[in-house]
Amino acid sequence: VVVVTAPAEVQRQRVLARPGMSEEKLAAILAKQVPDAEKRRLADFVIDTGNGLDAARAAVAAVIAELRG
Numbered sequence: 001v002v003v004v005t006a007p008a009e010v011q012r013q014r015v016l017a018r019p020g021m022s023e024e025k026l027a028a029i030l031a032k033q034v035p036d037a038e039k040r041r042l043a044d045f046v047i048d049t050g051n052g053l054d055a056a057r058a059a060v061a062a063v064i065a066e067l068r069g
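The sequence shown begins at 1 in this note's numbering and counts up one residue at a time.
Source of the hints: derived by calculation from the structure; they are not laboratory data. It cannot be assumed that every hint is accurate.
Said to hold, decoys possible - Computed list of lysine to any residue pairs in SDA-like fashion (alpha-carbon distance at most 20 Å, straight line):
| id | residue 1 | residue 2 |
| --- | --- | --- |
| 1 | Lys-32 | Leu-16 |
| 2 | Lys-39 | Arg-68 |
| 3 | Lys-39 | Thr-49 |
| 4 | Lys-25 | Pro-35 |
| 5 | Lys-32 | Arg-12 |
| 6 | Lys-32 | Ala-59 |
| 7 | Lys-25 | Arg-41 |
| 8 | Lys-39 | Val-4 |
| 9 | Lys-32 | Val-4 |
| 10 | Lys-32 | Ala-56 |
| 11 | Lys-32 | Ala-8 |
| 12 | Lys-25 | Ala-43 |
| 13 | Lys-39 | Val-60 |
| 14 | Lys-25 | Asp-36 |
| 15 | Lys-39 | Val-10 |
| 16 | Lys-39 | Ala-6 |
| 17 | Lys-25 | Arg-12 |
| 18 | Lys-39 | Ser-22 |
| 19 | Lys-39 | Asn-51 |
| 20 | Lys-32 | Ser-22 |
| 21 | Lys-25 | Arg-40 |
| 22 | Lys-25 | Leu-42 |
| 23 | Lys-32 | Val-60 |
| 24 | Lys-39 | Arg-18 |
| 25 | Lys-39 | Ala-17 |
| 26 | Lys-39 | Met-21 |
| 27 | Lys-25 | Asn-51 |
Unchecked claim - Using C-beta positions, here's what the derived DEER-type ranges look like:
| id | residue 1 | residue 2 | range |
| --- | --- | --- | --- |
| 28 | Val-34 | Gln-13 | 13 to 23 Å |
| 29 | Ile-29 | Val-2 | 13 to 23 Å |
| 30 | Leu-26 | Val-60 | 38 to 48 Å |
| 31 | Val-15 | Ala-37 | 14 to 24 Å |
| 32 | Gly-69 | Arg-18 | 34 to 44 Å |
| 33 | Arg-57 | Pro-7 | 29 to 39 Å |
| 34 | Glu-24 | Ala-62 | 17 to 27 Å |
| 35 | Glu-24 | Ala-58 | 15 to 25 Å |
| 36 | Leu-42 | Gln-11 | 12 to 22 Å |
Keep in mind the model is a prediction, meaning the values are calculated, not measured. Glycine included, each C-beta is placed from N, C-alpha and C at the ideal position.
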């Protein structure tokens, strides 16, 4: 299981930048989801996108390399 995550504030900024999104809609979405900490705890691999695209790409490459063995 691979989980892609970002710090809560980064997630919030990204979601609220979408057309038609509001704080209320974001709260409703989050209320229906498994908490991020729980997802990370259950994951085999965690990719953090909060440090930029280059870091996320490097993390994906590392996961692929590990899976290929």
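A quick look at each hint next to the structure:
no. : hint                           : verdict
1   : Lys-32 with Leu-16             : holds (17 Å)
2   : Lys-39 with Arg-68             : violated (23 Å)
3   : Lys-39 with Thr-49             : holds (15 Å)
4   : Lys-25 with Pro-35             : holds (16 Å)
5   : Lys-32 with Arg-12             : holds (15 Å)
6   : Lys-32 with Ala-59             : violated (27 Å)
7   : Lys-25 with Arg-41             : violated (26 Å)
8   : Lys-39 with Val-4              : holds (9 Å)
9   : Lys-32 with Val-4              : holds (17 Å)
10  : Lys-32 with Ala-56             : violated (26 Å)
11  : Lys-32 with Ala-8              : holds (16 Å)
12  : Lys-25 with Ala-43             : violated (26 Å)
13  : Lys-39 with Val-60             : holds (17 Å)
14  : Lys-25 with Asp-36             : holds (18 Å)
15  : Lys-39 with Val-10             : holds (17 Å)
16  : Lys-39 with Ala-6              : holds (12 Å)
17  : Lys-25 with Arg-12             : holds (11 Å)
18  : Lys-39 with Ser-22             : violated (24 Å)
19  : Lys-39 with Asn-51             : holds (19 Å)
20  : Lys-32 with Ser-22             : holds (16 Å)
21  : Lys-25 with Arg-40             : violated (23 Å)
22  : Lys-25 with Leu-42             : violated (26 Å)
23  : Lys-32 with Val-60             : violated (27 Å)
24  : Lys-39 with Arg-18             : violated (24 Å)
25  : Lys-39 with Ala-17             : violated (24 Å)
26  : Lys-39 with Met-21             : violated (24 Å)
27  : Lys-25 with Asn-51             : violated (25 Å)
28  : Val-34 with Gln-13: 13 to 23 Å : holds (21 Å)
29  : Ile-29 with Val-2: 13 to 23 Å  : holds (21 Å)
30  : Leu-26 with Val-60: 38 to 48 Å : violated (26 Å)
31  : Val-15 with Ala-37: 14 to 24 Å : holds (18 Å)
32  : Gly-69 with Arg-18: 34 to 44 Å : holds (38 Å)
33  : Arg-57 with Pro-7: 29 to 39 Å  : violated (18 Å)
34  : Glu-24 with Ala-62: 17 to 27 Å : violated (37 Å)
35  : Glu-24 with Ala-58: 15 to 25 Å : violated (36 Å)
36  : Leu-42 with Gln-11: 12 to 22 Å : holds (18 Å)
Figure legend: structure checked against the earlier numbered hints; hints not met, in rising order: 2, 6, 7, 10, 12, 18, 21, 22, 23, 24, 25, 26, 27, 30, 33, 34 and 35.
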